[in-house]
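*Asks:* Sequence:
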Amino acid sequence: MLFLNRRSVNLILGKSFIFLLVHLLCIPVTSAQSYDEELRRIKEETRKGFSENLREFNSYPDRPESDGPFNRDNVEDFLRDNIPHFISSDKDFTKVYNYRWWMMSKHFRLWKDPEDHKDYWVITEFFGWPAHGSISGAIPCPAGHQFYDLRWFRDPKYLRSYIDFYMKGYASRHDQREGPNFHTHIRRPESHHFSSWMIDGTEAFLKIHPDNPWRNGLLPYLEKHQKVWDDTFTVRKAGARTDGLYKVLDLYDGMEFTISATLPLIESDGPYAIYTEETWKQYYLGWGTIDNLRNSGHVKKFPEAFANAYPLVYLVRPSVNSYYYGNLHSLGDLYALKAQESGSETDLSKSEHYLQRARLQRDKTLSVLWNGADEFFYSFTAADNAYGVKDKMSRVRESAGYTPWYFNMIPKGDTTYDKAWDMFSSEKGFYGKKGMTTAEQQHPLFNEKAYAWNGRGWPFQNSVVYKAYANYLRNYKGEITASDKELLYDHVKKLVSLHGEESNIGEWYIPGSGSEFGGVKDYFHSTFPDILIADLLGFTPSHDNSFSLRPLLPGNAWDYFYLGNIRYHDHDIDIIWKKDWDTDRKGDQGAMRVWVDGKLTAEAASLSDTITVTLKDKPGF
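Position 374, counted from 1, in the sequence shown is what my numbering calls 703; the numbers after and before it change by one each time, with no gaps.
A couple of the hints might just be wrong.
Pairwise CB distance ranges, derived in the manner of DEER restraints [unchecked claim]:
1) Gly701 to Gln918: 47 to 55 Å
2) Gly626 to Ser696: 23 to 31 Å
3) Ser935 to Phe407: 42 to 50 Å
4) Lys566 to Gly457: 18 to 26 Å
5) Ser826 to Ser388: 16 to 24 Å
6) Gly807 to Gly701: 31 to 39 Å
Derived DSS-like pairs: lysine-lysine, alpha-carbon spacing no greater than 27 Å straight-line [unchecked claim]:
7) Lys556 to Lys693
8) Lys667 to Lys679
9) Lys556 to Lys447
10) Lys420 to Lys693
11) Lys556 to Lys566
12) Lys420 to Lys667
13) Lys823 to Lys420
14) Lys908 to Lys822
15) Lys721 to Lys748
16) Lys486 to Lys441
17) Lys741 to Lys679
18) Lys667 to Lys757
19) Lys778 to Lys822
20) Lys377 to Lys757
21) Lys420 to Lys762
22) Lys441 to Lys566
23) Lys667 to Lys762
24) Lys763 to Lys610
25) Lys762 to Lys806
26) Lys741 to Lys806
27) Lys679 to Lys556
28) Lys822 to Lys424
29) Lys763 to Lys424
30) Lys693 to Lys721
31) Lys424 to Lys377
Calculated directly from the structure, the hints in this document are not laboratory data.
Glycine included, each C-beta is placed from N, C-alpha and C at the ideal position.
Using the sequences provided together with the hints, build the complete structure.
*Replies:* This is the structure:
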């Protein structure tokens with residue numbers, strides 16, 4: 330048996346007959362056949378386990394009904410035909426992975442646009458028709474996470490249609506409707522009601538399902554989408570520190586009642602003088618406290634300083650400034666791909682324009698938001714706020730400060746910002762006994778009990794930070810240690826445990842003592858399949874006709890895993906890792922093996938190795 334022990338195993342399919350012949354001759358036919366038999370066996374085991382899990386999920390009482398056509402009668406076939414299949418020696422991981430796809434299937438809704446009369450697949454966050462949702466019921470706040478999970482679906486039509494809805498459909502053409510719980514004076518389309526990174530998410534989708542004609546037709550709409558962020562949410566105050574950066578209410582960043590907003594409220598006078606060290610909990614610590622402020626009569630005195638009793642303190646946050654770096658960089662990447670195909674100088678010029686804008690956005694964000702003394706990315710109040718302290722740093726570490734790594738925003742080789750990750754493993758920072766916190770635990774205003782983003786755990790942020798940490802390890806840290814991998818695995822395993830015996834994903838959890846999620850059940854506001862596939866197991870897609878595998882799974886965590894039925898660049902990918910392929914032989918015969926279109930193609934003896942596979946184009950691809 331041939332084991333390729335190099336750090337990177339590069340196989341080019343269909344390029345060299347001699348190379349392939351040598352490779353195939355080095356693998357005994359009997360071994361190749363036995364590996365194929367193991368693939369067939371584990372596929373059947375995965376199928377049976379999946380069916381058992383779905384029968385259990387469908388039996389859960391008191392769960393929301395599906396928002397669309399997929400229900401307990403047809404969901405098994407729908408998911409089996411579309412999702413990457415997974416099984417591992419850890420039954421909890423396997424069950425939660427299957428549960429999350431089952432949960433997602435309930436959020437598919439086919440919605441007809443009343444103007445263009447087209448049917449769009451949309452993906453809901455809350456079930457039903459929430460008052461703060463778009464006319465379709467979908468909400469843009471979790472769209473980036475939804476894109477990253479659903480990009481792995483075999484049939485790309487669902488996510489392609491959902492992207493079209495936000496970029497070209499009703500949501501892109503009409504302002505967000507006013508409702509009883511809206512808190513804004515800024516008009517913008519439904520697609521921009523909350524911050525998001527949809528353009529980056531679209532590029533992530535295209536790395537798995539390339540579609541040049543669709544991409545080229547969509548690009549002008551992606552540009553228009555970003556222009557709304559540029560025109561509406563850019564700080565404009567010449568000479569100010571935050572001038573030119575992006576701003577947002579913490580509420581419309583999907584993270585209401587943050588410490589980074591509380592601190593400037595306490596420090597401000599005028600309309601916000603009502604917030605003091607003694608009173609802020611009464612007026613800014615969950616939705617019930619907003620009612621307290623509204624009922625006090627104070628809001629009526631300063632109508633322009635509040636929107637439905639929510640204070641209009643716009644923040645320049647690490648989150649949104651990373652999101653729009655990601656969007657700008659993706660526009661540059663996608664126009665570069667178009668230019669390669671078209672040879673157009675216009676396309677090339679647009680690519681260079683957006684990549685340059687992304688670099689400027691990166692440099693400004695790193696320069697302004699990084700605090701060298703505290704070694705973390707902080708939020709600032711926007712310099713052009715109408716009321717309250719302006720252009721002022723909020724000195725609190727929040728999990729949103731890790732967002733730059735989600736988008737690989739840090740320049741390669743720059744170790745200036747590495748120390749921020751010390752807080753990821755610290756009980757003074759974000760490391761909770763039951764899960765990650767959203768604010769540093771040593772801060773005086775930390776509070777995990779309130780329905781707020783000032784300490785309580787919210788899976789939305791777990792999804793951001795776990796990918797950010799995985800990117801940091803793979804793309805920035807010189808040497809990945811066993812303890813680095815254990816830390817990521819520990820965090821993800823705690824997230825798995827919070828799903829409970831009757832699997833459920835909710836809105837929030839208590840990091841210090843919680844045993845399960847609270848709030849709405851079967852809630853689609855975060856990722857899990859993408860955490861497992863891309864972050865933990867290291868399947869890295871690309872625009873090139875290739876992919877790589879570089880797992881961060883600790884070597885002793887599982888005895889085996891299978892990840893397969895992945896549709897990638899019009900090919901089918903299956904992966905098996907086993908700690909011991911031959912229990913009759915002394916020692917562990919560990920290896921990770923990859924099949925492409927049913928043919929054993931690549932292998933490595935260690936989970937620490939990187940496997941890179943370059944695919945042969947299919948006719949007409």
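*Asks:* Next step is simple, just say for each hint if it's right about the structure.
*Replies:* Here is how each hint holds up against the structure:
no. : hint                         : verdict
1   : Gly701 to Gln918: 47 to 55 Å : holds (49 Å)
2   : Gly626 to Ser696: 23 to 31 Å : violated (43 Å)
3   : Ser935 to Phe407: 42 to 50 Å : violated (37 Å)
4   : Lys566 to Gly457: 18 to 26 Å : violated (41 Å)
5   : Ser826 to Ser388: 16 to 24 Å : holds (21 Å)
6   : Gly807 to Gly701: 31 to 39 Å : violated (21 Å)
7   : Lys556 to Lys693             : holds (19 Å)
8   : Lys667 to Lys679             : holds (10 Å)
9   : Lys556 to Lys447             : holds (25 Å)
10  : Lys420 to Lys693             : violated (45 Å)
11  : Lys556 to Lys566             : holds (19 Å)
12  : Lys420 to Lys667             : violated (44 Å)
13  : Lys823 to Lys420             : holds (14 Å)
14  : Lys908 to Lys822             : holds (20 Å)
15  : Lys721 to Lys748             : holds (23 Å)
16  : Lys486 to Lys441             : holds (16 Å)
17  : Lys741 to Lys679             : holds (24 Å)
18  : Lys667 to Lys757             : violated (47 Å)
19  : Lys778 to Lys822             : holds (22 Å)
20  : Lys377 to Lys757             : violated (44 Å)
21  : Lys420 to Lys762             : holds (22 Å)
22  : Lys441 to Lys566             : violated (42 Å)
23  : Lys667 to Lys762             : violated (48 Å)
24  : Lys763 to Lys610             : holds (25 Å)
25  : Lys762 to Lys806             : holds (26 Å)
26  : Lys741 to Lys806             : holds (10 Å)
27  : Lys679 to Lys556             : holds (14 Å)
28  : Lys822 to Lys424             : holds (12 Å)
29  : Lys763 to Lys424             : holds (19 Å)
30  : Lys693 to Lys721             : holds (16 Å)
31  : Lys424 to Lys377             : holds (12 Å)
In this structure, the earlier hints numbered 2, 3, 4, 6, 10, 12, 18, 20, 22 and 23 are contradicted, and the remaining ones agree with it.
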